[in-house]
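Keeping their order, the protein sequence lines are chains A and B. If you count the first sequence from 1, you need to add 1 to reach our numbering. If you count the second sequence from 1, you need to add 24 to reach our numbering.
Please keep in mind that the hints were generated in silico from the structure rather than gathered at the bench. We treat Cβ as the ideally placed atom computed from N, Cα and C, and that holds for glycine. Hints are not guaranteed to be accurate.
Claimed, not checked - Derived pair list, reagent style EDC-like, types lysine to aspartate or glutamate, alpha-carbon separation capped at 20 Å: (1) B/K197 x B/D362; (2) A/K158 x B/E48; (3) B/K36 x A/D124; (4) B/K197 x A/E160; (5) B/K85 x A/E160; (6) B/K85 x A/E188; (7) B/K79 x A/D56; (8) A/K158 x A/E185; (9) A/K158 x B/E46; (10) B/K36 x B/D49; (11) A/K42 x B/E111; (12) A/K158 x B/E44; (13) B/K197 x B/E293; (14) B/K79 x A/E188; (15) B/K197 x B/D84; (16) B/K79 x A/D124.
Said to hold, decoys possible - Where chain A lies over chain B, by a calculated footprint (3+ residues, C-beta under 8 Å): (17) 42-50; (18) 126-137; (19) 199-206; (20) 293-301; (21) 309-321; (22) 424-437; (23) 471-478.
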Amino acid sequence: MAEPFQILTSRTVVLADENIDTDQIIPARFLTTTAREGLGKLAFHDWRYDADGRDNPACVLNRIAPSAHRILVAGRNFGCGSSREHAPWALTDFGFRAVVSTGIADIFTSNALKNGLLPVVVDHATWDALAAHPGGSATIDLEACELRFGNHVAAFKVEPFARRCLLDGVDTLGWLAGRIPQIETYERRMS
Amino acid sequence: MPSPRPRTLFEKVWDAHLVEPEAEDRPAVLYVDLHLIHEVTSPQAFTALAERGLKVRRPDKTFATLDHSTPTLPTGADGKRPYVSEEAESQVHRLEQNCRDNGIDLQGWGSAHRGIVHVMAPELGLTQPGMVVVCGDSHTATHGAFGALAFGIGTSEVGHVLATQCLLQRRPKTLRVTVDGTLAPGVGGKDLALAIIAELGIGGGTGSVVEYAGEAIRALDMEARMTVCNMSIELGARAGMIAPDEKTMAWLRGRPRAPQGEAFEKAAERWSALASDSGVTFDREIRLDAATIKPMATWGTTPDTGIAIDANVPQAQSRARDYMRFDAGQAIAGAPVDVVFIGSCTNGRISDLRAAASVMRGRKVKSGVRALIVPGSEQVRREAEAEGLHEVFLAAGAEWRLPGCSMCIAMNGDLVAPGQLAVSTSNRNFEGRQGPGARTVLASPATAAASAIAGAIADPRPYLEARRG
């Protein structure tokens, strides 16, 4: 169960490439784990490290303090590709609490929302303004559904049920498990 | 009485699975008929259930297989399976244990049906029209070829389905892709899929369920339909579906887990009514002409970069072109190839292997090229070996492996070395997908086989024509 997400003020990290797929976020060869913890060291592994495991100094993720940069600003169609929930597990363990893009893939969105990682989809003008100042400070207010930075205020949408769960720090499994009587009724009706 | 509102195939399946419809403040509770699990995306879900003292609610609607982390080489002289790591082996053992503990049917080692989850379930007849099918795997859309609503889910949702047999879902939008006309000889389902993705773009289907329709879709056999639906996720689509027809019924009839005898005929009648009604509207529609499609190959690092085999790589500089080390405007055909991979949930079925064999028969894989051929399931392996296809591949100098995901996701040790160029019948050409630094060109089984023979990206049609002539 994730900690509640209400308001987040942090610095940004910009990865401007479009179509950053889940194989970039965490390569498949690390998916043999049976745990969900401790995957932050593998986030963007092949971008952060060379073939010998040395830090790639060109990668911005090696030049920041993750605890101070919790907002990832990424190019269009972030999180495309596989359904691996290891992607948001790796990103949150690295330190991210939100991803801001002009488009975020469906399964990634669903997985992120269940792990306290807020997917924020904004228009191109807002994204351009935010991405123009990497490392700048921004505030994401989930109660108001607003992204604020500099003199910009941009509204964003979050699926209302997932938003409620994030605000309250509860997950959906408990809620769904409470619907068993309705599910049993459905099963009787269909049998 | 007014006639009921015309509905799409998707709407009919969706409506029939609503335990509770969606409301402003919460999604629909959607019932799942078939939950497929494998070793990679399930262990943390079983852990989540155990932590809350929840049980697997419907083990009878849950089916497991081993495919992603499994070696494709046989047990060694030491009696051990050659797993890539202890962690991979322990992940497989974890699923075996979870299935034993929860009474879940596992097609494990030794099963005559073990295979890639999206190959195994249809061939057993587990996948049926009108079902909601889910799996912790984005290529679950494959099952939509039967007129099922099938989509990939994350591990949290795997836990939801294990515990309740339901998911919370918002109703997606609908997109119809109509393909008119007839595919030319030597052009198949994979080429069609790559052409559709090139047309719509990698995020072009986000938020939508796609229905594939039209003369060219109807003309596809079931396996090619599975190939087309399989790659719906490469559009970003939630799912892809094709209305059930006589081909669907013929393919399913007699499968061990399908209804039998009288019950099948009754079900078939019900399934036939699933097709979209005339006069339905979709949120979006596009049309393609099948006759204009040629064998396809991708030049970039997203699946929407497919071009005709006789076309040129784009002029414009891009990170993708740099990564692939293609020159501006070079012909894609003729680029030297290091590895050829034929297999995966996209193209690991018997018809795919027949297509590859028809190119390779009596020919040799070019010296220096590694060709790996991996059947999608034990059943595909048996059929291929009964037909002697493995002998064709082995005589050509290719490797013939045990079933699994293998080099498509490259997490079992089957991988492409850094910098090598692979022509692959799989579904993703992302940077490093087939191994760190690997360069992947997506293509059909015939094109992959022709490229193995030529030692370079090659048009399969001359090879097929030489055979006919």
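Okay, the hints, checked on the actual structure:
1. With a CA separation close to 42 Å, the supplied pair B/K197 and B/D362 exceeds the 20 Å bound.
2. Proximity of A/K158 to B/E48 is assessed by CA-CA distance (about 13 Å); at most 20 Å being required, the pair is judged to hold.
3. As the CA atoms of B/K36 and A/D124 are separated by approximately 34 Å, the hinted pair breaks the 20 Å bound.
4. Between B/K197 and A/E160 the alpha-carbon distance is near 15 Å, which keeps this suggested pair within the 20 Å criterion.
5. A hinted pair counts as satisfied when its Cα atoms are at most 20 Å apart, and B/K85 with A/E160 does not qualify at roughly 29 Å.
6. For the hint pairing B/K85 with A/E188, the CA-to-CA distance comes to about 12 Å; that is within 20 Å, so the pair holds.
7. At most 20 Å may separate the alpha-carbon atoms for a hinted pair to count; B/K79 and A/D56 exceed this at roughly 44 Å.
8. The hinted pair formed by A/K158 and A/E185 fails the criterion: a straight-line CA distance of about 33 Å is larger than 20 Å.
9. Of the pairs offered as hints, the one joining A/K158 and B/E46 holds, with about 17 Å between alpha carbons and a cut-off of 20 Å not exceeded.
10. Distance hint between B/K36 and B/D49 is unfulfilled; the C-alpha atoms sit about 24 Å from each other, more than 20 Å.
11. The hinted pair formed by A/K42 and B/E111 meets the criterion: a straight-line CA distance of about 17 Å does not exceed 20 Å.
12. With a C-alpha separation of about 23 Å, the suggested pair A/K158 and B/E44 falls outside the 20 Å cut-off, and the hint is violated.
13. Under the criterion of a C-alpha separation no larger than 20 Å, the hint pairing B/K197 with B/E293 is inconsistent with the structure, at around 27 Å.
14. Proximity of B/K79 to A/E188 is assessed by CA-CA distance (about 18 Å); at most 20 Å being required, the pair is judged to hold.
15. Straight-line distance between C-alpha atoms of B/K197 and B/D84 comes to about 31 Å, which puts the hinted pair past the 20 Å bound.
16. Between the alpha carbons of B/K79 and A/D124 the distance comes to roughly 43 Å, so the proposed pair goes past 20 Å and is violated.
17. Counting residues of the segment 42-50 of chain B whose CB lies closer than 8 Å to any CB of chain A gives 5, which reaches the minimum of 3, so the coverage claim holds.
18. Three residues within the 8 Å Cβ limit are the bar, and the segment 126-137 of chain B against chain A gives 0, so the coverage statement is violated.
19. With 0 residues having a beta carbon nearer than 8 Å to a beta carbon of chain A, the segment 199-206 of chain B misses the requirement of three or more and the stated coverage is violated.
20. Counting residues of the segment 293-301 of chain B whose beta carbon lies closer than 8 Å to any beta carbon of chain A gives 0, which falls below the threshold of three, so the coverage claim is violated.
21. Only residues whose C-beta sits within less than 8 Å of a C-beta in chain A count toward coverage, and the segment 309-321 of chain B has 0 of them, not enough to reach three; the restraint is violated.
22. Counting residues of the segment 424-437 of chain B whose CB lies closer than 8 Å to any CB of chain A gives 3, so the stated coverage by that chain holds, three being the minimum.
23. For the segment 471-478 of chain B, the stated coverage by chain A is not satisfied: 0 residues place a CB nearer than 8 Å to a CB of that chain, which falls below the threshold of 3.
When the structure is compared with the earlier hints, violations turn up for hints 1, 3, 5, 7, 8, 10, 12, 13, 15, 16, 18, 19, 20, 21 and 23 and for no others.
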